[in-house]
Structures are given as structure tokens and as C-alpha cells.
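Peer 1: This is what each chain is made of:
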Amino acid sequence: MRRAGHAALGAMLLATVATHTLSAPLPTAATTATVTHYVLDPAKSSLEFNFSQAGAQNKGRFRRFTTALDFAADQLAASHLEVTVDMTSVDTGDQERDDTLKDADLFGVKKFAQARFAAAQIVKTPGGYEAVGRLTIRDITRDLRVPFTLRTATEQGAGVAYMSGKTSLRRLDFGVGQGDWKATDQVGNDVGVSFALRLTAR
Amino acid sequence: MAIRNTTQRWGALAQLLHWLIVLFIIAQFTLATMFDDLPAGPRKLALLARHKSIGITILMLAAVRLAWRWTNPKPPLPDTLKPYERSLARITHALLYALLFAVPLAGWTMSSARGFPVSWFGFFTLPDLVPKNKALYEMLLTTHGVLAWTLGVVAIVHLLAALKHHFVLKDDVLRRMLPFTAPKAQGSGR
Numbered sequence: 001m002r003r004a005g006h007a008a009l010g011a012m013l014l015a016t017v018a019t020h021t022l023s024a025p026l027p028t029a030a031t032t033a034t035v036t037h038y039v040l041d042p043a044k045s046s047l048e049f050n051f052s053q054a055g056a057q058n059k060g061r062f063r064r065f066t067t068a069l070d071f072a073a074d075q076l077a078a079s080h081l082e083v084t085v086d087m088t089s090v091d092t093g094d095q096e097r098d099d100t101l102k103d104a105d106l107f108g109v110k111k112f113a114q115a116r117f118a119a120a121q122i123v124k125t126p127g128g129y130e131a132v133g134r135l136t137i138r139d140i141t142r143d144l145r146v147p148f149t150l151r152t153a154t155e156q157g158a159g160v161a162y163m164s165g166k167t168s169l170r171r172l173d174f175g176v177g178q179g180d181w182k183a184t185d186q187v188g189n190d191v192g193v194s195f196a197l198r199l200t201a202r
Numbered sequence: 001m002a003i004r005n006t007t008q009r010w011g012a013l014a015q016l017l018h019w020l021i022v023l024f025i026i027a028q029f030t031l032a033t034m035f036d037d038l039p040a041g042p043r044k045l046a047l048l049a050r051h052k053s054i055g056i057t058i059l060m061l062a063a064v065r066l067a068w069r070w071t072n073p074k075p076p077l078p079d080t081l082k083p084y085e086r087s088l089a090r091i092t093h094a095l096l097y098a099l100l101f102a103v104p105l106a107g108w109t110m111s112s113a114r115g116f117p118v119s120w121f122g123f124f125t126l127p128d129l130v131p132k133n134k135a136l137y138e139m140l141l142t143t144h145g146v147l148a149w150t151l152g153v154v155a156i157v158h159l160l161a162a163l164k165h166h167f168v169l170k171d172d173v174l175r176r177m178l179p180f181t182a183p184k185a186q187g188s189g190r
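If you're matching them up, the sequences are chains V and Y in order. Residues 1 to 202 in our numbering are what the first sequence spells out, letter by letter. Residues 1 to 190 in our numbering are what the second sequence spells out, letter by letter.
Simulated from the structure, these hints should not be mistaken for lab results. Remember, predicted model here, so these are calculated numbers, not experimental data. One thing to keep in mind: the hints can contain errors.
Said to hold, decoys possible - Straight-line Cα separation of at most 25 Å, PhoX-like style, residue types lysine-lysine; simulated pairs:
{"#": "1", "chain 1": "V", "residue 1": "K102", "chain 2": "Y", "residue 2": "K134"}
{"#": "2", "chain 1": "V", "residue 1": "K59", "chain 2": "Y", "residue 2": "K132"}
{"#": "3", "chain 1": "V", "residue 1": "K59", "chain 2": "Y", "residue 2": "K44"}
{"#": "4", "chain 1": "Y", "residue 1": "K44", "chain 2": "V", "residue 2": "K102"}
With the rest of the complex left out, here is chain V (with noise of 0.2 Å):
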């Protein structure tokens, strides 16, 4: 009885071990082999936002964006994320607001034409991931934790992710209100982002 206890306590150690070595940052030459890369199916993929307009709230989204994931659920370490949005391509389902937003007080697509969300860390947590990365809009750069969800499956033989989640931020951190678009009574500082993409992978 005690020895087969110490043999389970050795095994386990050993296990532990091993589960560290492994998770442990390797050289980078040996980790590309083992995540995975992957690539948005933008037909399937979508990244939204909300927020308040004169009280009620309002959605919107983006029609074009590129997403990169390297991803490796047991390789965290050598995973990253990063997303380019395509800022011109905002639809809120109203082309006078859209055109608005597109003015240079709010997105001013014409000097900003791209956001970007940067994440060369990815952790683990209970309810499943988060990229800890950098937004950047309008050219201001911002620290983002974004929580999400992956699973990954078979289809047709090849491999596939399905990723969501959803995060906030305040327009205001980006300079999304330049002058009387500052004020915060009719449009809300704070925008929730949903995504639910699928990515392919390469």
C-alpha cells in the first residue's frame, strides 16, 4: 500500500516535469512546427460592435478584416494573434451615420485608414483564452486584454477554429470624437466588440 503510493507520488512528479519542460518557452525553430497557423474564412467570420446613440443602443460592423492566429493549445507560449480592420468598411446599417463616422472627427479613414489589434501573448483562463495585445486606432495605441473561446475541429479533412468573444473599450482612449464629437451624452464612450470567427488552417 505505501510503496504503491510512493509509486503513484514518483509518477506524478514525473508528470509534472514533464508538463513544465513542455510548456516552457522552446526555441523558436522548433515551435513553428507545432502551432498551428491560421487564416479568416471571411465569409464566415464576423467582428461587430455596440453602442449608445442617444440613449438606445445601436450595432454596427466591419465588412473587411484579416485575421492571422498561431495558435497551439498546449503551446500558449508560441501562440499570437493579430487582426487588421479595415476601417472604411464600418457598416452600422445607415449610410448617412456611416459616412459620418468615416469623417475625420470619428474614424477619419482618410489619414487612419486601418486598426490593428496586436497580441504576441495568449494565455490560458477558466473560461478559455485571452490575447493580451495592443489596439491601435487612429494611431494611438492602447494595451487590450481580449477574452475568447476557441475550438477546433475537422471539416473536409482539413483543420479549423471557431473563435468569439467579445470586449469593450472607450472610443475616447482612441481620439474617436475630435471636437464636439468629445461629448459623451448622445454617443456613448463605451463600445462593446463581439467577434465570431472561423479561420482555416494553412
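We have chain V already, so just place chain Y on it with the hints.
Peer 2: Positioned in the frame of chain V, the structure of chain Y alone reads:
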């Protein structure tokens, strides 16, 4: 003054509702002319939001008013009126009530068709009455305006009639809708 109407004069609640709605209608026309000239911006949004909130308030007050009217006695039209004048008064009042509902409802539906939900002073958001529809929005934008101007014209006819009653016919039709005035001592007991 009693809360409820009597057969002599309008009660406090009927008067309050009447005059609040008058004030709100004036505010609505003022706001509408103000934001019509503004470019898209937070100021226009603010005025539009106020306009929508007041419009919904008018709709709510109109509902209360109609319910109150149906459950209260009504001071009758003066006996001196000719039959066509009685009809005219009835049509004007019916039209005013109909428009108190129609104008805000057209505005609310128009916002829904545009895809902009209506909030009541930021306290709650009203449900959308119709799904987003650009063509319907354009149609309702015109309808809302036409109905509003119709309301304005009928209200002015109503005002002129009240003034005629007061200054020309010298009866108590206007006075019985005014607070702080005693009904004219005439044929007491009615």
C-alpha cells in the same frame, strides 16, 4: 378646482393634460425647426433625441387624456351653436385627438424604419414598430411632417374658435379650460 370634470367645467387633470400637450407641441415645432438646419453632429442628435422623447410623452399623455375623457363628464357645447358649428367643433376635436396619436406614431415608426431605436429620455428604449426599411422611412418622414403641419393648422383653428367664443360670443367655452377662473355665473344649476 376638482380633479374630475363637471358638466360646468374641465377638471384639474383634464386642464393639466390639455396645457401640457400645448406646451409640448410648441416645443416639438421649435425643436424640429432647430435640428432641420443642423449638420450631423452631437447637437443634432441631442435635439432629435429630445424631440423623440417629448413626442412619446405626448403620445402617452394623449392616451391618458382620452381615457380620462371617456370616464368623466363633459361640459357640453353651448346651446347657442348652430348644428353645422356643432359638427365643426366635433370634427376639429376628433381630428386633434387623432393627430395627437398619429403624429408621434408616425415619428416612432419612422425611427424604427430608419433603424434608430427610440429612447424615452434615456430611461428606456421603445421597441421597434417595423423592421428597417429605407423606402418606408422616406415615406414616413414626409407623412410625419404633413401630419404635424396638419396638427398645427387644426390647433390654430381650435385656438381661433376658442378666442371667438371668449371675445365674440362671450360664453365660457375658453374659461372652463382655464385654471384660476371661476365659471361665468350663468343659469346656475347646470
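Peer 1: Each hint needs a verdict: does it hold in this structure or not?
Peer 2: Now the hints, each set against the structure:
1. Restraint check for K102/V and K134/Y: the C-alpha separation of about 21 Å stays at or below 25 Å, so the hint holds.
2. Distance hint between K59/V and K132/Y is fulfilled; the C-alpha atoms sit about 13 Å from each other, no more than 25 Å.
3. A hinted pair counts as satisfied when its Cα atoms are at most 25 Å apart, and K59/V with K44/Y qualifies at roughly 20 Å.
4. For the given pair, K44/Y sits about 18 Å from K102/V by alpha-carbon distance, which is consistent with the 25 Å threshold.
The structure meets every hint from the earlier list without exception.
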